[in-house]
Structure formats: C-alpha cells, structure tokens
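Asks: When you get a sec, could you build the whole thing from the sequences and use the hints?
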Amino acid sequence: MDMQDLPDLLAVDGGGSGCRVALIWQAVRLEAMGGPANMYSDPEAATSALNDLLDHVADKAGIGRRTLGDLPAYLGIAGVMTPAAARGLADRLTLPHAVIEDDRRAMVTGALGGADGFVAALGTGSFFARVEEGQMRAIGGWGHRFSDEASGAWIGARLVRAAFRAADGRGARSALTEALLADHGGALGLLDRFGAAAATELASLAPRVFTAADPVAVDILNDAKTALSAALADLGWDGAAPVCLTGGIGRRLAEGFSPVCAPRGTALEGAVRLAAKVKA
121 MDMQDLPDLL
131 AVDGGGSGCR
141 VALIWQAVRL
151 EAMGGPANMY
161 SDPEAATSAL
171 NDLLDHVADK
181 AGIGRRTLGD
191 LPAYLGIAGV
201 MTPAAARGLA
211 DRLTLPHAVI
221 EDDRRAMVTG
231 ALGGADGFVA
241 ALGTGSFFAR
251 VEEGQMRAIG
261 GWGHRFSDEA
271 SGAWIGARLV
281 RAAFRAADGR
291 GARSALTEAL
301 LADHGGALGL
311 LDRFGAAAAT
321 ELASLAPRVF
331 TAADPVAVDI
341 LNDAKTALSA
351 ALADLGWDGA
361 APVCLTGGIG
371 RRLAEGFSPV
381 CAPRGTALEG
391 AVRLAAKVKA
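In this note's numbering, the protein residues as written are 121 to 400.
It cannot be assumed that every hint is accurate.
To be verified - Pairs of lysine to aspartate or glutamate, EDC-like flavour, derived with a Cα cap of 16 angstroms:
#1 K180 to D125
#2 K345 to E375
#3 K397 to D190
#4 K397 to D125
#5 K397 to E221
#6 K399 to D128
#7 K345 to D358
#8 K397 to D128
#9 K399 to E164
#10 K180 to E221
What the hints assert, rightly or not - So the derived label-pair ranges between C-beta atoms look like this:
#11 E151 to A204: 37 to 45 angstroms
#12 R371 to A350: 32 to 40 angstroms
#13 D172 to M201: 33 to 41 angstroms
#14 E252 to P335: 35 to 43 angstroms
#15 E252 to E298: 32 to 40 angstroms
#16 A299 to A361: 16 to 24 angstroms
Quick caveat, the hints were computed from the structure, so don't treat them as lab data. For every residue, glycine included, the Cβ atom is placed at its ideal position computed from N, Cα and C.
Replies: Given below as structure tokens:
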C-alpha cells in the first residue's frame with residue numbers, strides 16, 4: 121500500500137508469540153515489535169506488552185502517547201473473545217477510537233490482500249475462513265482438544281495416537297512410532313509426557329512427521345489434507361477455488377495441496393488495511 125494514500129493511523133497484530141505495530145504518521149511508516157499478547161491466556165501480561173509497544177512507537181515518532189488515542193486504530197489481538205473484553209482493553213490502552221477484535225480478521229485480510237477468497241491458517245492451532253463480498257466467516261480455532269484440524273498440535277496428537285496403537289499391537293509399527301516410544305521409555309513414559317500436553321508441546325512433534333520417510337507419517341499427512349479439505353468444504357469450497365495456506369504447517373501442507381495461492385501480505389498488513397477504514 122502506498123503511504124501517501126493512507127491517513128495517520130495505528131495498526132497492531134498481537135498474538136501469543138509476540139506483537140507488532142505499524143504507525144502511519146505524516147506519510148511515514150514506523151514499525152516496532154513487542155512481547156506476547158494473548159488476552160485469553162494472560163491478559164495482564166498482554167496489556168503490559170501492548171502498552172510498552174505503544175509507548176515505544178510513540179517515542180519513535182516523536183509524538184506524545186496521548187496523540188495515538190486521537191488516531192483511527194485497529195488491533196487484532198489473540199484472545200479478545202467478547203465486545204466487553206475489547207472495550208476494556210481499549211480503555212486500558214487509552215485508545216478510544218480503536219476497533220479491537222481477535223487476530224483472525226487481520227490475518228485473513230492480510231493474506232488475501234483485502235480480496236475475497238479462502239484461507240486456512242495452520243500453525244500450532246488452526247482456523248479456516250472465507251471472505252465473500254467482503255464478509256468473513258471463520259470456523260475452528262477452539263483449541264487442540266476440540267478443534268484445530270490439520271494444525272501442528274493435531275498432527276502431533278495423531279503421531280502420539282499412532283504410537284499408542286502400535287504399542288498395543290493394533291496399528292502399524294514403523295520407524296517413526298518406534299523412535300517416539302523409545303525416546304520416552306515406552307507407552308507409559310509417552311503417556312506421562314503427553315497425556316496432558318499443551319498444544320505447543322504436541323506441535324513440537326510435527327516436524328518428525330514431515331521429515332520421516334515412513335508409512336505412518338504418510339497416513340497422518342494424508343489425514344491432515346483430508347481434514348483440511350473437509351473444513352474448507354464446510355465453508356463452501358468446491359475444490360477448484362485457490363486456497364491461501366498460512367502458518368508454518370500451512371506452508372508445509374501446501375506442497376501437496378491444490379489449488380493454492382500464496383499469501384499476499386501479513387497479519388500486520390491486514391491490520392493496516394482495516395485501520396484505514398476506522399472512523400476516528
């Protein structure tokens with residue numbers, strides 16, 4: 121986007137791995153990066169990280185922090201689940217003109233460049249979205265125990281399940297399942313390690329699946345692509361429209377999925393586009 125065509129604005133992309141801000145001030149774009157900002161898992165730390173980041177970018181622009189509150193602003197922040205939570209965060213950040221939502225819309229808008237289309241966001245977790253005539257519908261994203269098909273955590277959980285089945289003599293034993301069992305001293309050790317594992321812990325197993333020349337790995341990845349297709353079909357995908365696959369797992373699954381379109385921009389770019397539509 122041409123900076124000359126944009127008003128002064130503030131845009132933030134905030135998630136569990138960190139947050140980024142873009143400030144457009146007098147046709148100059150300034151960016152800064154900060155710590156994690158997930159309002160569901162740790163609202164106090166997220167609010168603190170966002171305030172620190174806003175202080176930093178205001179100093180970088182040579183303006184007072186109060187000036188940011190006068191700007192149209194869009195913040196896509198992980199874990200903002202309700203309008204009340206959004207209003208409360210806007211108050212704590214002293215951004216009265218900000219539109220604050222969870223981080224999905226910014227991600228989708230950035231990936232599609234503001235156009236219509238389908239997006240599958242596949243990282244540690246996952247969600248799926250369709251934008252049609254400018255309106256977004258998103259599904260999934262309810263956590264690895266209940267949802268998040270084809271995500272890193274989903275793939276890792278499938279590997280652990282395959283290892284347990286192999287240990288019981290109910291499923292194929294392969295180099296991949298044998299190695300996982302051996303690493304943890306057998307099935308009981310595997311249960312102790314992953315029985316109550318967080319999504320990030322399960323997702324740490326996904327690289328094993330992608331790099332193994334192994335029939336179990338092939339089955340898991342085929343299941344992931346089937347789950348991906350089914351979720352997109354729930355949004356009306358006909359198998360012919362290109363799908364934008366984002367996230368680390370999305371980039372890996374894109375190698376064997378068709379038709380695919382490359383992301384046009386980042387979640388921060390999406391937040392900038394959305395901030396430009398906010399009325400201060």
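Asks: For each hint given before, does the structure comply? Return the numbers of the non-compliant ones in rising order.
Replies: As far as the earlier hints go, 1, 9, 10, 11, 12, 13, 15 and 16 are violated by this structure, in ascending order.
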